[in-house]
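Line by line, the protein sequences give chains A and B. Using our numbering, read the first sequence as starting at 1 and increasing by one per residue. Using our numbering, read the second sequence as starting at 1 and increasing by one per residue.
These are calculated hints, taken from the structure and not from any lab test. Heads up, the beta-carbon is just placed ideally off N, CA and C, and yes, glycines get one too. Be careful, since some hints might not be right.
To be verified - From the derived model, a few chain A residues whose C-beta atoms are all more than 10 Å from chain B: (1) R75; (2) L81; (3) G171; (4) P181; (5) Q372.
Claimed, not checked - Per the computed footprint, the stretches of chain B lying under chain A, defined by three or more beta-carbons under 8 Å from a beta-carbon of chain A, are: (6) 25-35; (7) 41-52; (8) 68-75.
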Amino acid sequence: MNFDAAIQSYIAESRELLDTMEQSLMALENGEGDDDLIHAIFRAAHTIKGTGGIFGFDPIVHFTHDVESLLDRLRGGLLALDDNIVALLLRSCDHIRSLLEPVTAGEALDAELVEQGRALLGGLARYLGDGGGPERAAPADVPVPVEEPTAEPVGGGTASADHWHISLRFGRDVLRNGMDPLSFLRYLAQLGELVDVATLTDALPEPPEMDPESCYLGFEIGLRSGAEREQIEGAFEFVRDDCAIRILPPHSKVSEYIQLIQELPEDTVRLGEILVGSKALTQVELDWGLKLQVDEERVAAAGGAEHHRLLGEILVEEAVVPAKVVSAALDKQQQIKERKASENRFIRVEAEKLDQLVDLVGELVIAGANTQLLAHQAGAVEVIESAANLFRLVEELRNRALGLQMVQIGSTLQRFQRVVRDVGKELGKQVELFISGGETELDKSVIEQIGDPLMHLVRNALDHGIEPAAERLAKGKPEKARVELNAYHESGSIVIEVADDGRGLDRDKILAKAVSRGLVGPGQNLPDGEVYNLIFEPGFSTADSISNLSGRGVGMDVVRRNVEALRGHVQLHSQLGSGTKVRIRLPLTLAIIDGFLVGLGPARYVIPMDMLVECLEHSGEDRAKAIREGYLNVRGKVLPILRLSEVLGVETPKVRRESVVVVRFGELTAGLVVDELLGEFQTVIKPLGALFGHLAPIGGSTILGSGEVALIIDVPGLLRRVQQHQHSQHGQTVSRALAATA
Amino acid sequence: MPIVVETLDNGTARLGIGSGMTIYEAAGLKADLLRAVAEHPELDIDLSEVAELDTAGLQLLVLAKREAVKAGHVLRLSGHSGPVREVLGLYRMESYFGDPVVLPAD
């Protein structure tokens, strides 16, 4: 049994179960009360406890037991659910969650955790009365002695205390040697009660090969007996050499049964049924164990890790030493292994190392492009083919390397369920959170940094956005407010929206405040978007009262700073009286992009592929008009155009045919006029030094296969600059046109 | 080998097995049993005379049953004697053969 993997999957599974519990509890609280939810919560707690028991994680078992007892009373209708109980159970979930790490690592609990546990147990005890739990009558505050980790299968609690399981596979020569399996069964029947005998005839060969004097039978025997191990073992003394005998004493770990199943030649499912039938295992335990085994195999297959059994385990399983003797020693070894496991299975890698890897892959991409170019120049077919093959692999490597950093945003968003609940309670507001797009992937480093800004926004929405219930009802809105978190991909960016159906932003109030703070001159006329953007200014708050949560005017500016640090940007839409939506747009990834290479005179520029919409020919007729007016008519739509040479301030010789590359970022679209279209190109972003940071809409540089340097156009920056700066007449036209298409 | 096959009125073949079904008789029994199973689409094995059954004997019955099922033939065990009942009971194999076991009145 590979405990390392097992414990890791226990932790992961418990966390998921706790999430389930939390969500179900919150659903119950929202009045979606039905028995199924309570059952689901109970099952989750039960599984955490049961599996914890198998590993001997006593603090978890101990605590969860009382939680389970409470749930059992709820389930049985002995107790009515109220908000206090839900709150208590939620806090209990938190407590179990915080127990997981230290307990599974075999560490001692710190005083704070112990105190927290005691307080919660006290709280639980109030609801439990003296009935205690359904299965264990021990009072809650008696410390549980440290037991060997061979706790009786806690899962269903059905395996009785004197249940032995004996697995026999007789050797071929047993009958010839004058011994008959029948006599062993008769002997066992004298030692106790044969609860179940399953005779396995699978090994019986086809008639021609079947030797009538050989023995082909195997048995799985459930024996209820108070006999000592020696007595039972003694029965098999004379056949020990040519038989496979496995004896599992009472209180064997589920994992040992599972291992037994796996090691025996017969079909796993069937053996499992036999064990369940003989009451050695419950179905729940069997399922759990088999699942564990599968997980483990998967891990082993993925990691190619050699599975080393502990000597003690082998001894127990070969029935040489009683389990009790070995378990103490095992304990010790396990603790050491457990520690190793948590280090091994999930490798923590310094972000920098990952960056270095991606950098290196980037270099490889460049070198590969170079090789391909040279191969084409040399014109040798085999070399071209080989280079193409190599490049394909490099491309895959690139994707894998980038994939290492991509994670789904779902779990980050789900966490807000609890935040919304807690904050809603605190403020006395009924709020429901809707989450969509949880499967959207983005860079791990980005996810880590987006949590705080999102937290600010969600809290803000709850505190300022959502009106008190009375006010909502007066306005004819449903009492229960709605907050949405929504994530999706859009043209190479990820968009995360935080929306509420609250009171919206008061444009006039913000403007008045901005004027009083001198951010805006009196009488200055600003478009709505810009007024709303004022709330991202440091120290800006329009909240009439300062609450615990927000309203101190710190927050929104921090949100913007954090987002911009990730090369993203924040937008705010609001309608007075009906809600606010904050949209955060972030780049998906950082280091390597697919680019589109364009030429401007002798120079090469790269436009990120995911912002490219299409390429148009810029015919002579349109040209003069376009230059004059600054926009093109594309299929009936206005497309503002920019001459890249003008934007960058480079002089290029006139060419006969120009092309327009249509780019898009978020809601802004524009056409860039370039001299030449050179096609797709994998690009490794080499950041420019800080010195060049503000120069022009250039996002970085890259090296082409030929060794030339190409600059990468910062499309979002370009579009924004054009939108914001209205100093040139050309720019103004573009800006108007941009606004028209937005 | 005291093994007798007779055909009953209804067309079923009936095979009577002598007193011993043990490792000593097994080699001979195997061939007879298998042949009887192969030859008769419907075969009744009368175990009333069996005074001794051991694991080797049981294995042969299992083999015969399996071959019968494979060939689409019917194989019935009947007239289980005391020793047969004991072995089948101990091995919990009654349901494997699926035949009604008639307990004597005494």
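Hints versus structure:
1. R75: Given a closest Cβ separation of 37 Å, the condition holds.
2. L81: holds (47 Å)
3. G171: Given that every Cβ of chain B is farther than 10 Å from that of A/G171, nearest at about 13 Å, it holds.
4. P181: violated (5 Å)
5. Q372: The assertion about A/Q372 holds, with a minimum of 63 Å to chain B.
6. 25-35: Per the Cβ count (5), the hint holds.
7. 41-52: violated (count 0)
8. 68-75: Result for this restraint: violated, n = 0.
In summary, the structure is inconsistent with hints 4, 7 and 8 from the numbered list given earlier, while agreeing with the others.
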